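Asker: What follows is each chain in one-letter form.
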Amino acid sequence: DTEVTQTPKHLVMGMTNKKSLKCEQHMGHRAMYWYKQKAKKPPELMFVYSYEKLSINESVPSRFSPECPNSSLLNLHLHALQPEDSALYLCASSRAHTDTQYFGPGTRLTVL
Amino acid sequence: QKEVEQNSGPLSVPEGAIASLNCTYSDRGSQSFFWYRQYSGKSPELIMFIYSNGDKEDGRFTAQLNKASQYVSLLIRDSQPSDSATYLCAVNLSNTGKLIFGQGTTLQVKP
Chain C
10 DTEVTQTPKH
20 LVMGMTNKKS
30 LKCEQHMGHR
40 AMYWYKQKAK
50 KPPELMFVYS
60 YEKLSINESV
70 PSRFSPECPN
80 SSLLNLHLHA
90 LQPEDSALYL
100 CASSRAHTDT
110 QYFGPGTRLT
120 VL
Chain A
863 QKEVEQNSGP
873 LSVPEGAIAS
883 LNCTYSDRGS
893 QSFFWYRQYS
903 GKSPELIMFI
913 YSNGDKEDGR
923 FTAQLNKASQ
933 YVSLLIRDSQ
943 PSDSATYLCA
953 VNLSNTGKLI
963 FGQGTTLQVK
973 P
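Which chain is which? The protein sequence lines are C and A, in order. Heads up, the first sequence is in our numbering, so the first residue is 10 and it goes up one at a time. Heads up, the second sequence is in our numbering, so the first residue is 863 and it goes up one at a time.
These aren't lab readings, by the way, just hints derived from the structure by calculation. It should be emphasised that the depicted structure is a prediction, and the values quoted were computed from it without experimental measurement. For each residue, glycine too, the CB sits at the ideal point set by N, CA and C. Any given hint could turn out to be false.
Partial list, derived from the structure: chain C residues whose beta carbon lies under 10 Å from chain A [to be verified]:
no., residue
1, Gln-15
2, His-35
3, Met-36
4, Pro-51
5, Leu-97
Label-pair restraints from in silico Cβ distances [what the hints assert, rightly or not]:
no., chain 1, residue 1, chain 2, residue 2, range
6, C, Ala-48, A, Pro-943, 41 to 49 Å
7, C, Thr-119, A, Pro-973, 42 to 50 Å
8, A, Gln-942, C, Met-24, 42 to 50 Å
9, A, Gln-893, C, Glu-12, 20 to 28 Å
10, C, Thr-25, A, Lys-929, 48 to 56 Å
11, A, Tyr-933, C, Thr-16, 38 to 46 Å
Model the full structure from these sequences, guided by the hints.
Answerer: This is how it looks when you write it as structure tokens:
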């Protein structure tokens, strides 16, 4: 089983809203990732968590705040986003940071 | 120089033909290489991973790695219309967990 789940599937928010994206895996993976993908572009890494600790932050603006409450769960808290932040947000997980990453279905975010 | 380069295509092949997708990378410290398939509006789906020089076969798919030339390729035999998608080459940058993607090659398989 290589399933990564993400909720919600779609999210529409205003620039003053606060919302959160959720990602979950039950494969015992110890590395989890957030990616952002704009239309017709490849995914771009945002954050890497390894053993529940943030190991890579790709200079992401502070309006995106990741959280890893436990080894199965990864959240992305959103606040004061801009319309250009509209994208597909992908979560992935892997056994370790050197291993194959498996992607969830993504959350399609629209910022009005 | 981009870290991972692919020809964006589109690459058009007739049904039943072999599709050949190519990728080059710049970081010599990278050890893990991946091919993902992405249908429009969907998330990337793992097709193959390869860590060692040479060929790796899985069904109709063969991945090839040449670390000396910094080159990865994917062959799809007996191409089907359902193979029509964007194929993303990805490199785990110096095994840090930072997956760097190429721009993707759009494959069209015509019946």
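Asker: Each hint needs a verdict: does it hold in this structure or not?
Answerer: Against the structure, the hints come out as follows:
no., hint, verdict
1, Gln-15, "9 Å, holds"
2, His-35, "18 Å, violated"
3, Met-36, "13 Å, violated"
4, Pro-51, "4 Å, holds"
5, Leu-97, "8 Å, holds"
6, Ala-48/C with Pro-943/A: 41 to 49 Å, "23 Å, violated"
7, Thr-119/C with Pro-973/A: 42 to 50 Å, "35 Å, violated"
8, Gln-942/A with Met-24/C: 42 to 50 Å, "44 Å, holds"
9, Gln-893/A with Glu-12/C: 20 to 28 Å, "26 Å, holds"
10, Thr-25/C with Lys-929/A: 48 to 56 Å, "50 Å, holds"
11, Tyr-933/A with Thr-16/C: 38 to 46 Å, "39 Å, holds"
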